[in-house]
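Peer 1: Please build the complex by placing chain B with the ligand on the supplied structure of chain A, with the hints as guidance.
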Amino acid sequence: MIWDLHCHLNGIPGRTPDEKMARLIEVADRMQIERLVLFMGAPFLTAPTPEQFSEQNDQVLQAISHWHHRAFGFVYLNPEYEQESLLELDRCVKDGPMTGIKLWVAKRCDSASVDAIVRRAIELKAVIYQHTWLKSTGNLDGESTPADLHALASRHPEASIICGHTGGNWELGIRTIRDLPHVSVDLGGGDPTAGLVEMAVRELGASRVLYGSDVAGRSFASQLGKVTAAEITPEEKQMILGQNLRRLMSPILQAKGVRL
Amino acid sequence: MIIDVNVSLSRWPNRRLPLDETSKLAATLIQNGVSQAWAGTFDGLLHNDLAAANKWLVDQCRSVDEKLLLPFGAINLSLPAWEEDVRRCHEFHGMKGVRLLPGYHDYTLEDPRFRQLLSLLAEKQMLLQIAVRQEDPRTQHRLLMTKDVDLKPLLTLLSDFSNLPVILLNAVSGSAVELHGQLVAAGKVYFDIAALEGLAGLERQVQSLPFERLLFGSHSPFFAFDSAKLKLQESELPAQSTEQITHLNALKILREL
Ligand SMILES: [Zn+2]
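If you read the protein sequences in the order shown, they are chains A and B. So for the first sequence, the numbering used here puts the first residue at 18; every next one is plus one. So for the second sequence, the numbering used here puts the first residue at 74; every next one is plus one.
Treat the hints with care, as some may be off.
Unchecked claim - Derived pair list, reagent style DSSO-like, types lysine-lysine, alpha-carbon separation capped at 30 Å:
id, chain 1, residue 1, chain 2, residue 2
1, B, Lys225, B, Lys197
2, A, Lys152, B, Lys225
3, A, Lys273, A, Lys142
4, B, Lys197, B, Lys169
5, B, Lys220, A, Lys152
6, B, Lys140, B, Lys97
As the list claims (entries may be wrong) - Sample of chain B residues facing chain A (criterion: CB under 10 Å; computed from the structure):
id, residue
7, Thr101
8, Ala273
9, Lys304
These are computed hints drawn from the structure, not numbers from a lab. Where a beta carbon is used, it is the ideal one built from N, C-alpha and C, also for glycine.
Looking at chain B on its own, in the form it has when it is part of the complex:
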């Protein structure tokens, strides 16, 4: 059983992807043993009418299988009245959480609106996903260049929101190993494995992050789904730890909301 916390629907802005039709993506997920996928929308990257983009996302999830695809609406803190998008995600759509794409939305986590969002989500008992990156900066379209999200400001905020689950997607550890460890210690912070690399990378990852804070995420359909799945084969982990990563941790997050 796998819960994939990192998939997206709709079209990548400058490429057709083999699985960018919802039904095709869903079929691949099912075929690979995924019983639930937390889906954002690529429309969230560049669209300004996020109410429409999030509505479309919900409709797509329902059209395929609402038990399989759990929608996570996109919120852009640079837009006027972004709070209304959060309200609709919560009240109209019954979402479990929202996804931020700060690299494409021109604000940092130091922005006071980010703290406001954390308050709002804590109040509504929703979880937060932050896409730390969507694409390696070295391959980005020259007119659409973004940097990885700087997570340092999150560290100081976490003391006030120690119960809010924050899931960091596509985070590359590299030089940030220490910061990632601090984030995990400071709050309910989780990392997905989509961008995890290195020989037997998971074995190495658990030297700095506890199993309880790792989640299976594939970043499909932008990444090949098999890449995440094969990471479980490349590392030798205790069976219980593998289950924590593949689904138990994700179930616990939902249960505790």
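Excised from the complex, chain A in its bound form:
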């Protein structure tokens, strides 16, 4: 069972979200990926206005509308607009089918407006995906580091938080969030560097490690290969490839009455 935590419509050929989604599923089928989590639309917007993030979320809602048996959506928000983000969270998660939140690079996550979003996410049992990167070449202004995520997550032990890209520089990312059991790592969106999965499993335990690809910028292949080639047990691979994500989303899926 493979569930992919991290997929985008951006970069997939197709005139409409439906066309892009059909292509995404076609390729996912070749890799035996059963379920996909989608967030953000096309094009990528690093600092979307409320109008823009609503439009991007509409693209995802449209894309998953015929694929509820295959795909989930996370709502894309911008903490620079706290009130509008909270309303959008309700629209897409409380009153809509989405099951989590995606925060990218609009604002570093160690800020008060993110706290408000996380508190509401906890009430809704939504999973929180926060992009993190610690770039040797320097971060964007609003780009969170694993340390920013650690500060945020420390204030919200009941939240279910995912450290995007394992912090990019994963040896540092893993060390940074190691002491917070409610924080998991996303393996996606970086080069298929050997040793990443082994270190994550050794330091965090397999239950906190999630397969994600970051298609269409990345390929399913390069990202799946990290897990399939890793020197870990078959059981640990199963957890990473799908069981862990299913477990993280099961509270909100149950609350929504979704049967798997």
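Peer 2: Just chain B with the ligand now, with coordinates in the frame of chain A:
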């Protein structure tokens, strides 16, 4: 059958890798259907005594299986008497080619020594591998930062060396799609698939580069081997084209040397 044109032996400078013992790497390659791998050495990145590093590489290949591992010595054009390293790779070790790691060796392809190397290789009928990158700059050690090799100067040189096979390893297409197409048109330039990304990336790649110029390369053991292998599954290609990428193109390069 797979010929992997992009593997390296020895240790990555700042990390132990799961397959950085030659015997372990070889076992994994065999297990995955690789019948031949073109092996450079990570020692080439930072060592100055490349004669010793290349000798070690040859010994390692022989110690495991010289039919499986084909050594490609490292050449550093910034070192005094680099030509002697080329000579030894050719005459002592009988290598089919050499590998450049310009990002770690402080010269550009505009350097006159690069043209000299091309002449020397053409004369000796050896092929050239250029590692365009070894690691994403964003994850590099802060005190060991290098940029991707600028391939533009190669374009003008190729007109004089149109018969010399040049294999570009770990090249990221992204904004360089146009240049890569020009390089392929200008000479015997090949790309490996180790750094290829994108949804069904190979299907997209062949829209800009012909099948005849793509080679299977994994960048093992730095990258997980499966990443390259699964790319063949993610894209639906005609069977003949897949075979060209996995081994036929590489065999042709060796045959025509
Ligand atoms: Zn992403």
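Peer 1: Need the list of violated hint numbers for this structure, in ascending order.
Peer 2: none
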